[in-house]
Every structure is written in structure tokens, then in C-alpha cells.
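Peer 1: Counted from 1, the sequence shown has number 76 at position 76 by UniProt numbering; the numbering is strictly sequential.
Among the clues, some could well be false.
Said to hold, decoys possible - Taking lysine-lysine and the DSSO-like style, the derived pairs with C-alpha atoms no more than 30 Å apart in a straight line are:
hint, residue 1, residue 2
1, K109, K73
2, K178, K84
3, K191, K178
4, K178, K150
5, K6, K152
6, K38, K178
7, K38, K109
8, K53, K6
9, K87, K163
10, K157, K191
11, K53, K109
12, K53, K223
13, K280, K267
14, K178, K213
15, K280, K266
16, K157, K82
17, K152, K266
18, K267, K223
19, K213, K150
20, K163, K150
21, K213, K266
22, K280, K223
Stated by the list, open to error - Computed spacing ranges between beta-carbons, pair by pair:
hint, residue 1, residue 2, range
23, P174, P63, 30 to 36 Å
24, E114, R276, 57 to 63 Å
25, D106, R149, 19 to 25 Å
Hints were generated in silico from the structure; no laboratory data involved. Even glycine gets a Cβ: it sits at the ideal position worked out from N, Cα and C.
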Amino acid sequence: MINTQKSFEHKEEGNLYLVPTPIGNLDDMTFRAVDLLKHVDLIASEDTRNTQKLLNHFEIESPQISFHEHNSKERTPQLIEKLKAGKSIAQVSDAGMPSISDPGVDLVKAAIDEGITVVPLPGANAALTALIASGLTPQPFYFLGFLPRKKKELNAKLTELNKREETLVFYESPHRIKQVVVAMKEVFGEKRQIVLAREVTKRFEEFIRGTIKEVLEWLNNEKIRGEFVVIVEGNENSETEEKAWANWTLKEHVEFVMENNDLSSKKAIKEVALIRNLPKRSVYAAYHGLDD
């Protein structure tokens with residue numbers, strides 16, 4: 001069934017407002033966002049203590065209620081009932097856009113199902129802010145958020161993403177950034193262009209641009225601090241490679257991956273096995289001319 005919404009048509013139900021908050025610099029808060037937060041009945045905050053600092057800065061006295069990944073199942077129906085009763089609610093994240101890497105999407109879906117108006121406000125977003133200053137092609141781009149934590153799942157996801165031609169955009173924490181770039185080197189090769197955007201909009205904002213090999217060397221010589229946006233050049237050869245390898249022998253495929261991504265035979269064998277969904281021992285045997 002089609003669902004249409006006229007955002008500023010008067011209804012008895014309250015509106016759900018999605019309000020971005022600064023990702024570092026408080027001056028990035030919009031006049032509209034401040035005014036709206038002053039007039040809503042309730043603010044649903046990912047972290048009420050963090051948001052209270054923002055509210056104090058702008059002299060906003062609207063009450064808060066906690067709304068985060070650990071209480072979203074319980075809290076969502078409570079917020080929906082308040083909206084149906086005519087209360088206006090603003091949902092905010094700790095920083096940036098609601099629904100991006102937070103449970104806001106569940107609340108939005110529930111509101112839409114109940115015919116409640118959902119009004120988004122424009123504002124700060126770390127991924128787009130970093131992307132436009134990266135120097136890499138900004139469109140098309142593919143935003144994934146955070147990559148899997150486990151090494152096997154991480155490598156599998158990167159192998160899947162290696163087929164994409166779009167610029168890739170991720171979020172990453174300081175204690176995992178080196179591990180992720182090492183995995184990218186194994187899958188993407190060391191020549192691919194990458195940009196690390198650190199502490200975007202904050203005092204120590206920094207952009208590290210170079211090949212994966214160069215950026216990994218930088219990481220090995222730095223004390224890593226701050227949150228990162230990771231932007232990686234897309235694979236310009238993905239379509240050509242995917243069409244071509246169907247006609248290649250396993251040895252030819254391994255040699256192509258070695259040359260194209262500047263990988264050792266061991267790593268290339270591992271990547272070809274993932275790409276073709278074959279046991280690594282079969283690819284190893286074919287490459288070295290052994291019986292499987």
C-alpha cells in the first residue's frame with residue numbers, strides 16, 4: 001500500500017522530528033534545530049547526559065527521555081503512544097544524523113506504520129562532510145557505516161565490497177582503524193587510494209590521504225586518537241575482472257590478482273578462493289600444479 005505524507009499538514013497526532021546535532025563544533029547547530037528543540041514536548045536522546053550539555057549551551061529547557069539501542073524495543077511503543085496523544089517529539093543522536101548508526105530507524109518505521117508525520121531536519125553528517133573534502137570521486141558513493149568486528153567476517157565483507165566501483169565510505173574507531181586498514185591492504189591491494197578523516201569539524205581535524213600502503217605506514221608511526229571516517233577509492237577494474245575470470249584458469253586468476261593488487265601468491269590464493277567460493281587448498285593446488 002502506498003504511503004503519502006504532507007509534512008506540514010495539521011494533524012491531531014504529534015510530529016516526530018529527526019534533529020541532527022553537531023559532530024564536533026557546536027556552531028554547526030542550525031537556527032531551525034535550536035528553535036525546534038525549544039518547542040517540542042519531549043526530546044528522545046541517545047545519551048541524555050551528552051545531549052544535556054548541548055541543551056545547556058543553547059538554553060533549551062525541553063525535557064528528555066533516553067532512547068538508545070539497549071532500550072529501543074521498550075521505548076519505541078511508549079514514544080508512539082505519546083505521539084498519538086498529540087505530543088511532539090524530537091529524536092537526536094549523540095552526534096550527527098539520527099537513524100545513522102543508532103536505533104532511530106526503528107522509531108521512524110513504527111511512526112510511519114501508525115500514520116504519524118516524520119519530519120527530517122538537515123544538518124551535520126560526518127560521512128558526507130569527510131567525503132567532499134577527501135579528493136576522491138564523491139559520487140556515486142557507497143556508505144556502509146561500521147565494518148564487522150571479527151576478522152573472518154571483515155575479510156568476507158571487504159571481498160564483497162571489492163567488486164564495487166563506487167567510492168566506499170566507512171566509520172571506524174581509533175582502536176580498530178589499523179586492523180581495518182591492514183585487512184583492506186590484503187583484499188584491495190596496497191595501491192588503492194584511501195583517505196582517513198580524523199576528528200571531523202573538531203579542533204584537531206586531520207585528513208590523511210595516500211595509497212593504502214602509505215596510510216598504513218602513517219598509522220604505524222602515529223599514536224592513534226579520535227574517531228575516523230574512512231574513504232576508499234572504488235575498484236575501477238571490478239566489472240572487467242568479474243566478467244573475465246569466468247574464462248580464466250585458477251592459476252591465471254591468482255596471477256591477475258597478484259599483479260593487479262600487488263599481493264603475494266599466498267594472499268592472492270586466499271582472495272581467489274573467496275571470490276570463487278572454493279576451498280583455499282584447491283586454489284593452492286591449481287596454482288602450484290599439485291594434485292588437489
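Peer 1: Each hint: holds or not?
Peer 2: Here is what the structure says about each hint:
no. : hint                    : verdict
1   : K109 - K73              : holds (12 Å)
2   : K178 - K84              : violated (47 Å)
3   : K191 - K178             : holds (17 Å)
4   : K178 - K150             : holds (14 Å)
5   : K6 - K152               : violated (46 Å)
6   : K38 - K178              : violated (42 Å)
7   : K38 - K109              : holds (25 Å)
8   : K53 - K6                : violated (33 Å)
9   : K87 - K163              : violated (47 Å)
10  : K157 - K191             : holds (19 Å)
11  : K53 - K109              : holds (29 Å)
12  : K53 - K223              : holds (29 Å)
13  : K280 - K267             : holds (10 Å)
14  : K178 - K213             : holds (12 Å)
15  : K280 - K266             : holds (10 Å)
16  : K157 - K82              : violated (40 Å)
17  : K152 - K266             : holds (16 Å)
18  : K267 - K223             : holds (28 Å)
19  : K213 - K150             : holds (22 Å)
20  : K163 - K150             : holds (21 Å)
21  : K213 - K266             : holds (18 Å)
22  : K280 - K223             : violated (36 Å)
23  : P174 - P63: 30 to 36 Å  : holds (34 Å)
24  : E114 - R276: 57 to 63 Å : violated (47 Å)
25  : D106 - R149: 19 to 25 Å : holds (22 Å)
In summary, the structure is inconsistent with hints 2, 5, 6, 8, 9, 16, 22, 24 from the numbered list given earlier, while agreeing with the others.
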